[in-house]
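Each chain, letter by letter, is given below.
Number of protein chains: 2
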Amino acid sequence: MDNLGAVMVPEGIDIQRLLESKRLSGTLRGDGSWEYHEGMSAIDVINEVECEVVIETTPTELKRGEPGLSHVKAALTAGRHVICTNKGPLAIAMPALMELAHHNDVVFKFSGTVGGGTPVLDFAKKCLEGSRIKSICAILNGTSNYILSKMGSEGKPMKEALAEAQKLGYAEADPTYDIGGFDTACKLVITSNYVLGTSLSIKDLAITGIAGVTPEDIKKAASKGNVIKLIGRVGGGAKVSPEEIPVTHPLNVSGTFNAILFETDSAGDITLVGKGAGGRETASSVLRDLIEIRRTFAR
Amino acid sequence: MDNLGAVMVPEGIDIQRLLESKRLSGTLRGDGSWEYHEGMSAIDVINEVECEVVIETTPTELKRGEPGLSHVKAALTAGRHVICTNKGPLAIAMPALMELAHHNDVVFKFSGTVGGGTPVLDFAKKCLEGSRIKSICAILNGTSNYILSKMGSEGKPMKEALAEAQKLGYAEADPTYDIGGFDTACKLVITSNYVLGTSLSIKDLAITGIAGVTPEDIKKAASKGNVIKLIGRVGGGAKVSPEEIPVTHPLNVSGTFNAILFETDSAGDITLVGKGAGGRETASSVLRDLIEIRRTFAR
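Chains as they are written, first to last, in this note's numbering: chain A, 41 to 339; chain B, 41 to 339.
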C-alpha cells in the first residue's frame with residue numbers, strides 16, 4: 041500500500057496539469073504546487089473531504105465488486121449522494137445499496153451503467169407511467185453485437201470477428217466479460233431491479249455467451265429470415281443467451297449499438313436504441329445524474 | 041346545427057350504456073335516465089361544466105384545425121388544463137396555444153399526437169437533460185412505412201401495397217393525409233416546437249410524400265445496401281421527403297413502426313422505436329398526461 045496517495049484541491053483540480061505530471065514523473069505527487077496526501081486512500085477521501093456527491097468510476101469487477109462496492113458503501117454511509125458508473129457493486133449488492141441510500145436519505149444514481157449515454161433507466165421510470173411493463177428484452181453489449189453482426193454480414197468465423205473487434209478497441213484483450221455474457225447480465229440485473237423492482241443479483245441469472253455461435257448457425261438462421269443476437273431477458277425468469285429473432289425485429293440493431301425493448305400492457309412494445317458505451321457518452325450520463333441530484337436538492 | 045346536443049352526468053358517464061343507446065336509436069338522447077341537453081355545443085360544455093381538465097380527441101383537420109382549435113382555445117381561456125390528441129390545432133397554431141396556456145397558468149399536453157403510445161415528446165424533454173439535441177430525423181407515419189416496407193420486401197407496386205394497407209385498416213379510403221407526407225409533417229412540427237423550441241407551423245415545411253416512389257427506385261437503393269423511407273427532418277431547415285438510408289441505420293424499422301432519432305452532442309444518436317398509433321396506445325398517452333397534470337397540481 042506504499043503507493044497510496046490522494047490529490048486534494050478545494051478550488052478544483054486542474055486535470056490537464058495532473059495528467060501531464062503523471063505522464064512525466066509517473067506519480068501525482070507533483071512539484072508542490074498542489075496538495076498531495078501520501079498514504080491517503082479513496083475511502084479516506086470519501087470520509088474526510090466535505091462534499092455532497094461522490095462519483096464512483098473504477099472498473100467493474102464481478103467477484104466481489106471491489107473496490108467500487110466499498111467506495112459506494114462508504115460514501116452512502118457518510119451521507120453523500122452517489123453517482124456510480126461501475127456495474128460491479130450493483131450486480132452484486134444492488135438491493136442492499138438501494139436500502140442504504142434510502143436509510144441515509146441520499147440519492148443513488150447509476151445511469152451510466154446501462155446504455156452509456158442512452159438514458160435507458162430514466163426512460164423506463166419517467167416516461168412509461170400509466171403503463172405496466174410486462175417484460176424486458178435487450179441487446180446490452182456492443183462488443184458481442186459487433187462480433188455477431190460481422191459474422192452475419194461477412195460470414196467471418198468468431199475468432200476473426202473478435203480479433204477485428206479487439207483491433208478497433210471494441211473488445212478487451214480478455215474478452216470473457218463481454219462475449220461470455222457477463223456484461224449483459226450485469227446490465228440486465230440493474231435494469232430489472234430499477235425498473236421492475238426485482239431484487240436480483242448476477243448469481244440469479246442463467247448466463248450463456250456467444251462463444252458457441254458458429255457461422256453455420258448464423259447462416260441457418262438467415263435462411264429462415266432470422267438473425268442471432270445475444271439477448272438479456274426478464275419477465276418469467278431472467279437469463280442471457282444467444283437467441284434467434286426476425287430480421288424485422290426492433291432489436292435487430294447492427295454494429296456496436298445497444299437496444300432495449302420494453303413490453304408494455306397499454307403502450308405496445310417500445311424500443312430504445314443508442315450507443316451503449318464510450319467515455320463521452322458515459323460522462324453525459326453522469327452530468328444528467330448530477331442535474332437530477334441538484335434538482336432533488338432544490339425541492 | 042339541429043342535431044347538437046350533450047350528455048352530462050356529474051357522477052361519470054356510463055359509456056357502454058351510451059354506446060348501446062346510440063347504436064339502437066341513432067341518438068344519445070336516451071330514455072331519460074341521464075341528462076341530455078338539446079342544442080348544447082362542445083364549446084358550451086367546455087365553458088359551463090366545472091372541470092379541471094378538457095381532453096380534445098376530435099379528428100385532425102389541416103385547413104383550419106377545426107373544430108379542435110376552437111375547443112382547445114376555449115378550454116385554455118376558461119382556465120382548464122388541456123390534453124389534446126388532435127394534431128390539427130398544433131400543426132396550425134402551436135406557438136399561440138402554448139402562449140395561451142402559459143398566460144392562463146394551465147398545463148397543455150399532447151403526448152398522443154406523436155408516436156401514439158411511445159412517449160417521444162416526454163423522452164426528449166425529461167431524459168436528455170445535459171445533452172444538446174442537434175437534429176431530429178424520424179419515421180412518423182405507420183401507413184407510409186408499411187407501404188414502403190411491403191414494396192421493398194415483396195416487390196409490390198405502390199398501388200397494390202396501398203390497397204393491402206387499406207384492407208388491413210392501416211390506411212384511410214383517402215390516403216392523401218398519410219402518403220402525401222402531411223401526417224409526418226404535423227408530427228414533425230409538434231416535435232420540433234416542443235423539443236427544440238422552434239415556432240414552426242405546417243406551412244413552413246417542404247413536404248414530399250411517397251406517391252412518386254417506384255419499385256425500381258427501391259430495387260436500385262437495395263443494390264447499394266439502402267432502403268427508402270419517408271423521413272421528417274429538422275436541424276438546418278425542416279422537411280419531409282423520401283430518403284435513402286443504409287439497411288443498418290437505426291431508423292430502418294419495418295411495418296407500421298415509428299422511429300425517431302435524436303442526434304445529441306454528447307450522448308450520441310438515440311433512437312426510440314414503437315407503435316405509432318392505435319386506440320389503446322393513444323389512450324395510454326392520455327393517461328400519462330393526466331398523471332403528469334395531477335403531479336404538477338400536487339406540487
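Treat each hint with caution, since some may be false.
As the list makes no split between identical chains, a pair holds if one copy fits it or if it spans any two.
[Said to hold, decoys possible] Straight-line Cα separation of at most 27 Å, DSS-like style, residue types lysine-lysine; simulated pairs: (1) Lys243 with Lys264; (2) Lys264 with Lys190; (3) Lys259 with Lys279; (4) Lys279 with Lys62; (5) Lys166 with Lys259; (6) Lys259 with Lys243; (7) Lys190 with Lys113; (8) Lys279 with Lys165; (9) Lys165 with Lys264; (10) Lys174 with Lys199; (11) Lys62 with Lys190; (12) Lys62 with Lys199; (13) Lys165 with Lys103; (14) Lys190 with Lys259; (15) Lys113 with Lys199; (16) Lys174 with Lys113.
These aren't lab readings, by the way, just hints derived from the structure by calculation.
**Request:** Would you list, in rising numerical order, the hints stated earlier that this structure does not obey?
**Result:** Failing hints, ascending: 1, 4, 5, 6, 7, 9, 10, 11, 12, 13, 15, 16.
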